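Q: This is what each chain is made of:
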Amino acid sequence: KNQVEQSPQSLIILEGKNCTLQCNYTVSPFSNLRWYKQDTGRGPVSLTIMTFSENTKSNGRYTATLDADTKQSSLHITASQLSDSASYICVVSGTSGGSYIPTFGRGTSLIVHP
Amino acid sequence: DGGITQSPKYLFRKEGQNVTLSCEQNLNHDAMYWYRQDPGQGLRLIYYSQIVNDFQKGDIAEGYSVSREKKESFPLTVTSAQKNPTAFYLCASNPGLGNPGELFFGEGSRLTVL
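Sequence lines, in order, name chains E and B. According to our numbering, the stretch in the first sequence is residues 1 to 114, in order. According to our numbering, the stretch in the second sequence is residues 1001 to 1114, in order.
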C-alpha cells in the first residue's frame, strides 16, 4: 500500500529561525513529489515539485530535497516569517495504468512565533 | 482569473438531510476530484472524474454521490447515509490523470451537521 509519512506532526519556532520538515514515502512506481502549503481554512497551494532525477529545488525561502534511493524528502524553510505559519503537506504521485495517483501525507503544522 | 470556486464556504445541516457542495473550474481541466479533510488526517479521496459523464469512486465514497454533466462542474452530494459528514471538503482539478501536473484546489467548504 502506498504511504506517505511526515514528521514532525507539529513544530513551533521563533520568527527568523530556520526549520526542516521531513517526508518519507513508499509509493511505487514513483512519478513526482510535491510540497503544498495550506493556510488554516484554505485550500492547499503547491510550493515545489520534484521528479526522480532532481535532488534539490528552491522556491524563494523554501528549498526541497529528494533522495529517491532512500525515498525521503525534506522541506527547508529559511529565515521564517509569521506568514509561514501553516500546514505543509507532502504529496507523492505514483503511476497506475497510465494515471498519476497522488498519495497525501497528514501534514506538518508549523507555528511561527514573533 | 482562472481557478476553482467552491460554494458555500460554510454549511450547516440537520441529521437526515442531503446537501450538495458546488465546485466550478474555468481552467479547462479534464480531471476533477473531491477530497475530505479531518483534523490530524491527510486528505482522503471521495470521488474523481477524468472526463465528462464519467466518474470513479475513491477511498471513502460511501454516503456520497457526484455528477459530471459539464466539464467545468463537479458537484458533490453528501447524503444522509454518510455517518459522520462533519468535515472540510476540498475540490481540486488537474489537466488530466495522464498528466502529472499540479493539483489546483478550491478554498474548501466546511460542513457541520447539527
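Please keep in mind that the hints were generated in silico from the structure rather than gathered at the bench. Please note that the accuracy of each hint is not assured.
BS3-like, lysine-lysine: derived pairs with alpha carbons at most 27 Å apart [unchecked claim]:
| no. | chain 1 | residue 1 | chain 2 | residue 2 |
| --- | --- | --- | --- | --- |
| 1 | E | 57 | E | 71 |
| 2 | B | 1083 | E | 1 |
| 3 | E | 1 | B | 1057 |
| 4 | E | 37 | B | 1014 |
| 5 | B | 1009 | B | 1071 |
| 6 | E | 1 | E | 37 |
| 7 | B | 1014 | B | 1071 |
| 8 | E | 17 | E | 37 |
| 9 | B | 1057 | B | 1070 |
Computed footprint of chain E on chain B; a stretch qualifies when at least three of its residues, placed anywhere within it, have a C-beta under 8 Å from a C-beta of chain E [unchecked claim]:
| no. | segment |
| --- | --- |
| 10 | 1016–1022 |
| 11 | 1077–1086 |
Since the structure is predicted, the reported quantities are computational estimates derived from the model, not experimental observations. Glycine residues also receive a C-beta, built at the ideal position from the N, C-alpha and C atoms.
Q: Each hint should be assessed against the structure and marked as holding or not.
A: Going through the hints against the structure:
1. For the hint pairing residue 57/E with residue 71/E, the CA-to-CA distance comes to about 16 Å; that is within 27 Å, so the pair holds.
2. Between the alpha carbons of residue 1083/B and residue 1/E the distance comes to roughly 26 Å, so the proposed pair stays at or under 27 Å and holds.
3. Proximity of residue 1/E to residue 1057/B is assessed by CA-CA distance (about 18 Å); at most 27 Å being required, the pair is judged to hold.
4. Proposed proximity of residue 37/E and residue 1014/B is contradicted: the alpha carbons are some 32 Å apart, above 27 Å.
5. Our distance criterion of 27 Å between C-alpha atoms is met by residue 1009/B and residue 1071/B, whose separation comes to about 22 Å.
6. At most 27 Å may separate the alpha-carbon atoms for a hinted pair to count; residue 1/E and residue 37/E meet this at roughly 25 Å.
7. Distance restraint check for residue 1014/B and residue 1071/B: the Cα-Cα separation of roughly 31 Å exceeds the 27 Å cut-off, and the hinted pair is therefore not satisfied.
8. As the CA atoms of residue 17/E and residue 37/E are separated by approximately 18 Å, the hinted pair is consistent with the 27 Å bound.
9. For the hint pairing residue 1057/B with residue 1070/B, the CA-to-CA distance comes to about 18 Å; that is within 27 Å, so the pair holds.
10. Interface restraint, the segment 1016–1022 of chain B with chain E: violated (0 residues with C-beta to C-beta distance below 8 Å; minimum three).
11. With a threshold of 8 Å between beta carbons, the proposed coverage of the segment 1077–1086 of chain B by chain E is violated, since 0 of its residues qualify and at least three are required.
Checked against the numbered hints given earlier, the structure breaks hints 4, 7, 10 and 11 and satisfies all the rest.
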